[in-house]
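Novice: Go ahead and model the full structure; you've got the sequences and the hints to work with.
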Amino acid sequence: MDITIDRRSLLKAGAGLAALGAMGAPSAFAQAETKLRMYWWGSKERADRTFAANKLYTDKNKNVSIEGETLGWNDYWTKLATQVSGRNAPDLIQMDYRYIFEYARRGALLNFDPYMGKVLQIEDFGKEATDAGRVDNKLFGVNLGMNSMVTLVNRSVLDQLGFKAPTTETTWAQFAEMAAEITKKANRPGFFGVSDASGYEPEFEAFCRQRGKALYTADGKLAFTAEDAGAWFDMWDKMRQAKACVPPDVQALYKNSIDTSPVTLGKSAIDFAHSNQLVGFQALNKEKVGIAPLPNAGAGGKPGQYLKPSMLWSVSAQSKNPEEAVKIVNFFVASPEGAAAIGLERGVPASAKIRAALLPELDALGKETVDYISLMSKHVGALPPPPPKGAGEIESVLRRVSEEIAFGKVKIAEGAKKLVAEADDILSRG
Amino acid sequence: MTLAVRESAPATSRRIARKVLGHDAGAYLFLAPWLIGIFVLTVGPALGSLYLSFTRFDLITEPRFVGLANYTRIFTNDAKFLAAMKVTFTYVLLAVPLKLIFALSVAIVLNKGLRGLTVYRALFYLPSLLGGSVAIAVLWRKIFAKDGLFNDVLSTFGIDGVSWIGDPDYALYTLVVLSIWQFGSPMIIFLAGLRQIPQDLYEAASLDGASKRRQFWKITLPLLTPIIFFNAIIQTIEAFKAFTPAFIISEGTGGPVNSTLFYTLYLFQEAFSYFRMGYASALAWILLVIIACFTAVSFISARYWVHYEE
Numbered sequence: 271m272d273i274t275i276d277r278r279s280l281l282k283a284g285a286g287l288a289a290l291g292a293m294g295a296p297s298a299f300a301q302a303e304t305k306l307r308m309y310w311w312g313s314k315e316r317a318d319r320t321f322a323a324n325k326l327y328t329d330k331n332k333n334v335s336i337e338g339e340t341l342g343w344n345d346y347w348t349k350l351a352t353q354v355s356g357r358n359a360p361d362l363i364q365m366d367y368r369y370i371f372e373y374a375r376r377g378a379l380l381n382f383d384p385y386m387g388k389v390l391q392i393e394d395f396g397k398e399a400t401d402a403g404r405v406d407n408k409l410f411g412v413n414l415g416m417n418s419m420v421t422l423v424n425r426s427v428l429d430q431l432g433f434k435a436p437t438t439e440t441t442w443a444q445f446a447e448m449a450a451e452i453t454k455k456a457n458r459p460g461f462f463g464v465s466d467a468s469g470y471e472p473e474f475e476a477f478c479r480q481r482g483k484a485l486y487t488a489d490g491k492l493a494f495t496a497e498d499a500g501a502w503f504d505m506w507d508k509m510r511q512a513k514a515c516v517p518p519d520v521q522a523l524y525k526n527s528i529d530t531s532p533v534t535l536g537k538s539a540i541d542f543a544h545s546n547q548l549v550g551f552q553a554l555n556k557e558k559v560g561i562a563p564l565p566n567a568g569a570g571g572k573p574g575q576y577l578k579p580s581m582l583w584s585v586s587a588q589s590k591n592p593e594e595a596v597k598i599v600n601f602f603v604a605s606p607e608g609a610a611a612i613g614l615e616r617g618v619p620a621s622a623k624i625r626a627a628l629l630p631e632l633d634a635l636g637k638e639t640v641d642y643i644s645l646m647s648k649h650v651g652a653l654p655p656p657p658p659k660g661a662g663e664i665e666s667v668l669r670r671v672s673e674e675i676a677f678g679k680v681k682i683a684e685g686a687k688k689l690v691a692e693a694d695d696i697l698s699r700g
Numbered sequence: 003m004t005l006a007v008r009e010s011a012p013a014t015s016r017r018i019a020r021k022v023l024g025h026d027a028g029a030y031l032f033l034a035p036w037l038i039g040i041f042v043l044t045v046g047p048a049l050g051s052l053y054l055s056f057t058r059f060d061l062i063t064e065p066r067f068v069g070l071a072n073y074t075r076i077f078t079n080d081a082k083f084l085a086a087m088k089v090t091f092t093y094v095l096l097a098v099p100l101k102l103i104f105a106l107s108v109a110i111v112l113n114k115g116l117r118g119l120t121v122y123r124a125l126f127y128l129p130s131l132l133g134g135s136v137a138i139a140v141l142w143r144k145i146f147a148k149d150g151l152f153n154d155v156l157s158t159f160g161i162d163g164v165s166w167i168g169d170p171d172y173a174l175y176t177l178v179v180l181s182i183w184q185f186g187s188p189m190i191i192f193l194a195g196l197r198q199i200p201q202d203l204y205e206a207a208s209l210d211g212a213s214k215r216r217q218f219w220k221i222t223l224p225l226l227t228p229i230i231f232f233n234a235i236i237q238t239i240e241a242f243k244a245f246t247p248a249f250i251i252s253e254g255t256g257g258p259v260n261s262t263l264f265y266t267l268y269l270f271q272e273a274f275s276y277f278r279m280g281y282a283s284a285l286a287w288i289l290l291v292i293i294a295c296f297t298a299v300s301f302i303s304a305r306y307w308v309h310y311e312e
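Chains P and V, in that order, give the protein sequences. For the first sequence, the positions run 271 to 700 when the working numbering is used. For the second sequence, the positions run 3 to 312 when the working numbering is used.
One or more hints might be untrue.
From the structure, some residues in chain V lie toward chain P, with a derived Cβ separation under 10 Å [to be verified]:
{"id": "1", "residue": "ILE62"}
{"id": "2", "residue": "ARG143"}
{"id": "3", "residue": "ASP149"}
{"id": "4", "residue": "TYR172"}
{"id": "5", "residue": "ALA173"}
{"id": "6", "residue": "SER252"}
{"id": "7", "residue": "GLU253"}
{"id": "8", "residue": "GLY256"}
{"id": "9", "residue": "GLY257"}
{"id": "10", "residue": "PRO258"}
{"id": "11", "residue": "ASN260"}
{"id": "12", "residue": "GLN271"}
{"id": "13", "residue": "ALA273"}
{"id": "14", "residue": "TYR276"}
{"id": "15", "residue": "ARG278"}
No lab work stands behind these hints: they were computed from the structure. No residue lacks a Cβ here, since even glycine has one placed at the ideal position from N, Cα and C.
Specialist: Set out below in structure tokens:
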């Protein structure tokens with residue numbers, strides 16, 4: 271739309287504005303002098319905590335306003351990519367280990383190094399927790415909390431039936447046996463020991479690592495073979511036959527979210543998740559839930575799990591107020607006040623100082639999460655290299671192939687070969 | 003919005019405009035909203051996507067020209083494309099005829115001069131207003147789940163139902179039923195068409211001793227063919243473009259086992275889940291050509307079966 275203004279009226283308006291400025295900034299303008307946009311994915315619980323933290327910050331810094339926006343995981347990445355390409359990226363971006371390399375290497379993120387030790391005080395994170403946010407030796411992401419994979423159990427049901435949650439000693443074979451017994455003992459139609467996790471990427475990754483393999487190599491190639499995939503599918507097929515896990519038409523409705531988990535829906539006693547999700551699971555489950563280590567490969571097996579940043583704060587390279595944005599990042603991870611507001615919902619804080627400050631305030635769920643992370647830190651392997659481009663698509667192939675096997679559309683060996691072939695194809699496409 | 007500062011000279015600009023546009027300036031002015039709409043919002047982006055279909059573009063880096071590579075891959079080396087085509091064609095070939103037959107049947111019943119016709123008409127039309135919405139798709143997810151309402155009803159008859167949306171053998175057919183349920187708009191059009199058929203034709207046929215069934219096949223159906231043709235075209239195009247129900251029921255995955263991977267859903271995944279905008283643009287243009295072909299074939303075949311009163 272064109273608005274035509276003649277010279278005289280423009281001059282008048284300009285003079286007026288200048289006069290306003292000279293008068294020393296009336297309050298309405300000054301209050302929102304610095305406007306920042308913040309963008310994250312997650313549950314309502316996370317949104318409530320994030321907005322609370324933002325309010326604490328803006329109450330103390332009256333000249334700053336933070337506009338928060340939150341979406342589900344899938345829509346989040348669609349919208350972020352669109353905004354970054356439209357040069358309209360939010361100032362503060364919740365980043366995932368899976369995507370940080372892509373965004374950092376394309377110059378979309380701010381390098382935090384110049385702010386280190388000044389407005390960003392995260393020296394006590396320790397090298398590993400800090401380096402999870404480094405790309406090509408530059409810091410692009412600040413660790414928001416550590417987490418690890420978990421076996422998520424409905425404690426009420428296990429106690430009632432006389433079972434114990436898995437420990438660091440439990441093998442997959444023992445686990446499968448226990449799951450079958452839970453189904454038998456519970457003896458309720460439509461209730462099973464465990465979800466069918468044959469299409470879950472994190473658990474498949476742990477399984478591969480326990481066999482001395484991995485999902486991907488450092489140069490972005492596939493690091494498991496059809497044999498590994500076959501062993502994994504075979505294990506779950508046996509559990510399916512033994513009625514240890516839920517049938518495929520129930521598992522098919524699981525959508526990678528807490529509210530569609532078979533445990534939340536009362537279809538199984540056990541599912542798999544990440545440690546920071548304990549809070550979210552308990553919020554949606556009436557019965558008591560808890561977390562336990564993943565089963566292992568038994569004698570000679572390698573550690574399958576690892577500690578990873580549940581998510582990171584990044585700042586957009588296009589941000590007009592980078593310094594203020596970094597200050598807010600610092601508020602979330604290094605100030606006791608901000609960290610207390612977000613709690614452990616994004617994982618266990620990497621800062622030792624913050625952990626010590628939070629510990630006395632923690633509720634039972636928080637203590638369980640912290641205990642779990644400190645227990646697992648003795649049983650984990652190294653953080654794997656970041657997954658290559660296309661990893662997200664391969665995750666959906668794993669899920670589809672697992673369904674094809676579960677519904678009896680393909681044989682196990684055939685499915686395993688298919689997974690590897692399609693994954694190779696996706697990686698070569700880039 | 004741009005802010006232009008210039009000497010106020012409306013007279014000059016008006017003179018220039020008249021010179022350029024001739025006598026039709028006024029007409030163009032009034033057409034402007036539509037013209038701007040079609041060029042800025044439809045033709046422009048469509049041509050943009052035609053260009054993108056020859057590139058690799060992931061939204062973050064600049065598009066890179068790759069010639070026909072996207073099209074070559076789609077036609078020679080893309081199992082998912084074939085799966086999506088199969089799902090979409092099954093859906094179109096089942097949903098469109100069934101929906102039209104159902105809509106016509108209801109229209110004929112309503113045409114018998116029921117008491118309270120307007121109420122029934124509104125009630126039957128309601129699903130078409132709601133059908134495309136997210137809320138209804140979510141509702142269907144609940145109704146057709148393994149422990150949903152539908153299986154509860156079946157179980158009172160002693161039938162043990164399956165998970166209608168969780169089982170790859172049934173999920174697509176559940177979506178076909180969802181589409182048939184939205185029969186309202188073709189029904190209204192059929193109803194209007196039925197009202198147009200002159201009553202004296204039926205009277206004459208009755209006098210000659212033609213049965214009701216014979217009257218239907220010899221009078222109603224032939225005279226209704228233009229309406230059937232119109233409905234078939236519109237519904238076919240809509241069926242090819244079906245997206246929301248599959249997206250909501252499978253949460254965008256097209257699962258279980260790609261059984262609800264509609265063409266549009268596959269296109270969406272390539273574009274917005276895997277950020278292959280170029281590839282997705284190529285898919286979009288192929289869909290456009292398919293729909294154009296279908297419509298063209300329908301129009302050619304129409305010469306042989308559609309009767310216009312002359």
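Novice: Could you run down the list of hints and mark each one as holding or not?
Specialist: We went through each hint and held it up to the structure:
| no. | hint | result |
| --- | --- | --- |
| 1 | ILE62 | 5 Å, holds |
| 2 | ARG143 | 8 Å, holds |
| 3 | ASP149 | 7 Å, holds |
| 4 | TYR172 | 9 Å, holds |
| 5 | ALA173 | 8 Å, holds |
| 6 | SER252 | 9 Å, holds |
| 7 | GLU253 | 4 Å, holds |
| 8 | GLY256 | 9 Å, holds |
| 9 | GLY257 | 6 Å, holds |
| 10 | PRO258 | 4 Å, holds |
| 11 | ASN260 | 6 Å, holds |
| 12 | GLN271 | 8 Å, holds |
| 13 | ALA273 | 9 Å, holds |
| 14 | TYR276 | 5 Å, holds |
| 15 | ARG278 | 8 Å, holds |
The structure shown violates none of the earlier numbered hints.
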